[in-house]
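So the sequences go chain by chain: A and B. Using UniProt numbering, you'd call the opening residue of the first sequence number 1 and step up by one each time. Using UniProt numbering, you'd call the opening residue of the second sequence number 1 and step up by one each time.
It is worth saying that the hints were derived from the structure and are not from the lab. Virtual Cβ for every residue (Gly too), placed ideally from N, Cα, C. Among the hints, a few may not be true.
Stated by the list, open to error - Under the rule of at most 25 Å between Cα atoms (straight-line distance), these lysine to any residue pairs were calculated in the SDA-like manner:
1. Lys-347(A) <-> His-123(B)
2. Lys-347(A) <-> Glu-11(B)
3. Lys-347(A) <-> Ala-301(B)
As the list claims (entries may be wrong) - DEER-style ranges, computed between Cβ atoms:
4. His-157(B) <-> Pro-236(A): 51 to 57 Å
5. Ala-5(B) <-> Gly-310(A): 58 to 64 Å
6. Arg-71(B) <-> Ala-129(A): 54 to 60 Å
7. Glu-300(B) <-> Ala-348(A): 27 to 33 Å
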Amino acid sequence: MSALLQVEGLAKHYPVKHGVLDRAQGVVRAVDGVSFAIARGETLALVGESGCGKSTTARLVLRLIEPTAGTIRFDGVEVSGAAELRALRRRVQVVFQDPYASLNPRLRVGEAIAEPMEVHGIGDARSRADRVKELLGLVGLAPFHAQRYPHEFSGGQRQRIGIARALAVQPELVVCDEPVSALDVSIQAQVVNLLKDLQGRFGLSYLFIAHDLAVVRHMADRVAVMYLGQIVETGPKRTLFANPRHPYTRALLAAIPHPDPRRRGRVQHLGGDVPSPMNPPPGCRFHTRCPYAQAICREQAPPLREVAPGQASACHFAEDLPRFDAAVGEGIAPRAAERLALYAAAKARRAG
Amino acid sequence: MRDNAPLLRIEGLRTVFRSSVGEIAAVDGVDLDVPRGRTLGIVGESGCGKSMLSLSVMRLVPPPGRVAQGRVLLEGQDLLRLSAGAMRQVRGGKVAMIFQEPMTSLNPVHSVGAQITEAMRAHDKSASGAELRDRAIEALKRVRIPSPESRFDDYPHQLSGGMRQRVMIAMALACRPQLLIADEPTTALDVTVQAQILDLLRELQDETGMSIILITHDLGVIAEMADEVAVMYAGKVVERATAAELFASPQHPYTLGLLGSIPRLDEDRERLLAIEGAVPPPFALPKGCRFHPRCPFAIEACTRAQPALEPVADGHLAACIRAPVEQSAELAA
Ligand SMILES: Nc1ncnc2c1ncn2[C@@H]1O[C@H](COP(=O)(O)OP(=O)(O)OP(=O)(O)O)[C@@H](O)[C@H]1O
Ligand SMILES: Nc1ncnc2c1ncn2[C@@H]1O[C@H](COP(=O)(O)OP(=O)(O)OP(=O)(O)O)[C@@H](O)[C@H]1O
Ligand SMILES: [Mg+2]
Ligand SMILES: [Mg+2]
Numbered sequence: 001m002s003a004l005l006q007v008e009g010l011a012k013h014y015p016v017k018h019g020v021l022d023r024a025q026g027v028v029r030a031v032d033g034v035s036f037a038i039a040r041g042e043t044l045a046l047v048g049e050s051g052c053g054k055s056t057t058a059r060l061v062l063r064l065i066e067p068t069a070g071t072i073r074f075d076g077v078e079v080s081g082a083a084e085l086r087a088l089r090r091r092v093q094v095v096f097q098d099p100y101a102s103l104n105p106r107l108r109v110g111e112a113i114a115e116p117m118e119v120h121g122i123g124d125a126r127s128r129a130d131r132v133k134e135l136l137g138l139v140g141l142a143p144f145h146a147q148r149y150p151h152e153f154s155g156g157q158r159q160r161i162g163i164a165r166a167l168a169v170q171p172e173l174v175v176c177d178e179p180v181s182a183l184d185v186s187i188q189a190q191v192v193n194l195l196k197d198l199q200g201r202f203g204l205s206y207l208f209i210a211h212d213l214a215v216v217r218h219m220a221d222r223v224a225v226m227y228l229g230q231i232v233e234t235g236p237k238r239t240l241f242a243n244p245r246h247p248y249t250r251a252l253l254a255a256i257p258h259p260d261p262r263r264r265g266r267v268q269h270l271g272g273d274v275p276s277p278m279n280p281p282p283g284c285r286f287h288t289r290c291p292y293a294q295a296i297c298r299e300q301a302p303p304l305r306e307v308a309p310g311q312a313s314a315c316h317f318a319e320d321l322p323r324f325d326a327a328v329g330e331g332i333a334p335r336a337a338e339r340l341a342l343y344a345a346a347k348a349r350r351a352g
Numbered sequence: 001m002r003d004n005a006p007l008l009r010i011e012g013l014r015t016v017f018r019s020s021v022g023e024i025a026a027v028d029g030v031d032l033d034v035p036r037g038r039t040l041g042i043v044g045e046s047g048c049g050k051s052m053l054s055l056s057v058m059r060l061v062p063p064p065g066r067v068a069q070g071r072v073l074l075e076g077q078d079l080l081r082l083s084a085g086a087m088r089q090v091r092g093g094k095v096a097m098i099f100q101e102p103m104t105s106l107n108p109v110h111s112v113g114a115q116i117t118e119a120m121r122a123h124d125k126s127a128s129g130a131e132l133r134d135r136a137i138e139a140l141k142r143v144r145i146p147s148p149e150s151r152f153d154d155y156p157h158q159l160s161g162g163m164r165q166r167v168m169i170a171m172a173l174a175c176r177p178q179l180l181i182a183d184e185p186t187t188a189l190d191v192t193v194q195a196q197i198l199d200l201l202r203e204l205q206d207e208t209g210m211s212i213i214l215i216t217h218d219l220g221v222i223a224e225m226a227d228e229v230a231v232m233y234a235g236k237v238v239e240r241a242t243a244a245e246l247f248a249s250p251q252h253p254y255t256l257g258l259l260g261s262i263p264r265l266d267e268d269r270e271r272l273l274a275i276e277g278a279v280p281p282p283f284a285l286p287k288g289c290r291f292h293p294r295c296p297f298a299i300e301a302c303t304r305a306q307p308a309l310e311p312v313a314d315g316h317l318a319a320c321i322r323a324p325v326e327q328s329a330e331l332a333a
């Protein structure tokens, strides 16, 4: 089966001046040779520290920006001309992090949701209005909300509106750039549940960008870990979390504080800061912070290579890393689990 | 005896805003103790009053807000009754605060060294410039900033987010405070940098014996750092316990909802529990228990009176007439 989305060697370099007076040009290697595929109905999560190129990758996939290099194939067809681009614009939609910034404050919610249908010439005013009602229902809002303005909604509700708008033209792939990062945890859980339900119903594929690895573990089928514009590890969620084969993935996982005081003191921190994407280190880009770095890491850039079925790592020593157990925990405490079960049961009873 | 007394005791604190729809209580009758040398974690969702609570302790509530009631006792002395001058000496002296976004609290046009020495000068007018410089470099060293001598002359924009937060901590700790209030100190940082900062706070606490109030919405950070925890909802503390007890035996339905809402790295769940609805705005609080419209255990009585924060186990308080919920569930069955 061919992938729904396939990107190959994708790059985006931004020219920048070094300083105010310095005319010499440098380039920010925001995305620097990224390849991945997403199957129908699949969620690929993109994770990594701030500035590693996640949003730039998202914008490239949406073709909101032109790639410096690389190809994008959607449903088997390379996106090169205007016709493919038009199709891509309908079949791939986006949900952004900031529900406040992504909605036009002067448009009523109904108009905002109908807008993509208008742009793509789908239906007439009447059928679009019906569809808006249906979409509002899908995301857990009421028909009368169509008449309201964005400022009348809470953050979580606005994110639901953003999702309704993205779904209006029946996309096959939805790019979610930190869709829940700005939301409170209780609301985040509602939106995460909603995204999962919608995926089940419509067979959607997601490119899901997040920096919270617990959210990623919950949402993703496969995960790609980015560092300084490149993918350093990718694999099915389960194997990647249980046995990460890149020291950077391990560092990310080991840095997460678990909601469990019994594990206290087991958080490990990675030293140093992320180097500048204008001047990435030679050899392996991670070697300046890597506890396992050897001479070869300073000289040769390790290619991303398969190290287990479906799992690839860009580390010279992927096979030699010690055992890893930072993601292992005891789970929720027994008494707490009992009460959570009662909570869930009571909630289900009330929902009828 | 004295050592068992908390360093800080907050009693009946109420902080209000006057608005077009009447008086809004951002903090509504909060009692808390901060033990010596330990960390009190305050957790809750956006708008529940965490920042207003800490700003009230510092007497930095922005107008038109004001502390309307209560006492804030630092070693028995009520900070709310100090003169403005005396309070200035407490701020940055015995009590210091750091915020989420170091960039907005650092002055972009002064070097970090100048800002640290400035903070020190405010509390020690007799020290010479050279002395202050040495002490500032010492302060940068304490927060593990590499080559502090050369960093002294850097401007905030030349530093990474993590480094800026270290500088903020260096400034806050310049006068060896007894209490550090950290309001979401790592929320804007990457997890790897967050881990560095949390480590640093813990090391500094071990070194100096200071108490910390750590405000966060992240239950992971709470579990990692806090000795005692207060869970806030809509301006009130709804549950208080040690961290170990809170996670082992959460009692308030809101705490349960929070725990059920977060995905875990060590457990698979098909669906997250989530809490229905949203936090009510402070000008439209429900009658009775403020959580009742979202609470799956709510009964008629919950809509009538506000539950008091009462012991449910040894050293464990919850403001819920349905706690422990297994007994209420049995009654329902
Ligand atoms: N228009 C631009 N011009 C120059 N540099 C840019 C531009 N857009 C992004 N960058 C740089 O490219 C790099 C990648 O940015 P990007 O926004 O993709 O990161 P990200 O992984 O989404 O980060 P975050 O987690 O903070 O959202 C960063 O160093 C950023 O400063
Ligand atoms: N200037 C103001 N006028 C009226 N109400 C205000 C004002 N500033 C804050 N509030 C209210 O006080 C309440 C508590 O705010 P606070 O900033 O303490 O919340 P918080 O728990 O720190 O939230 P967050 O997690 O978002 O930082 C909020 O409901 C807010 O609406
Ligand atoms: Mg981004
Ligand atoms: Mg706050």
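Against the structure, the hints come out as follows:
The hinted pair formed by Lys-347(A) and His-123(B) fails the criterion: a straight-line CA distance of about 55 Å is larger than 25 Å. Annotation: proposed proximity of Lys-347(A) to Glu-11(B) is violated, straight-line Cα distance about 35 Å (limit 25 Å). Taken as a hint, the Lys-347(A) and Ala-301(B) pair is honoured in the structure, with Cα atoms around 18 Å apart against an allowance of 25 Å. A C-beta distance of roughly 41 Å is found between His-157(B) and Pro-236(A), which places it outside the suggested range of 51 to 57 Å.
A beta carbon spacing of about 59 Å between Ala-5(B) and Gly-310(A) agrees with the range 58 to 64 Å that was offered as a hint. The given range of 54 to 60 Å is respected by Arg-71(B) and Ala-129(A), whose C-beta atoms sit roughly 58 Å from each other. Distance hint check: the CB atoms of Glu-300(B) and Ala-348(A) are about 21 Å apart, inconsistent with the given range 27 to 33 Å.
When the structure is compared with the earlier hints, violations turn up for hints 1, 2, 4 and 7 and for no others.
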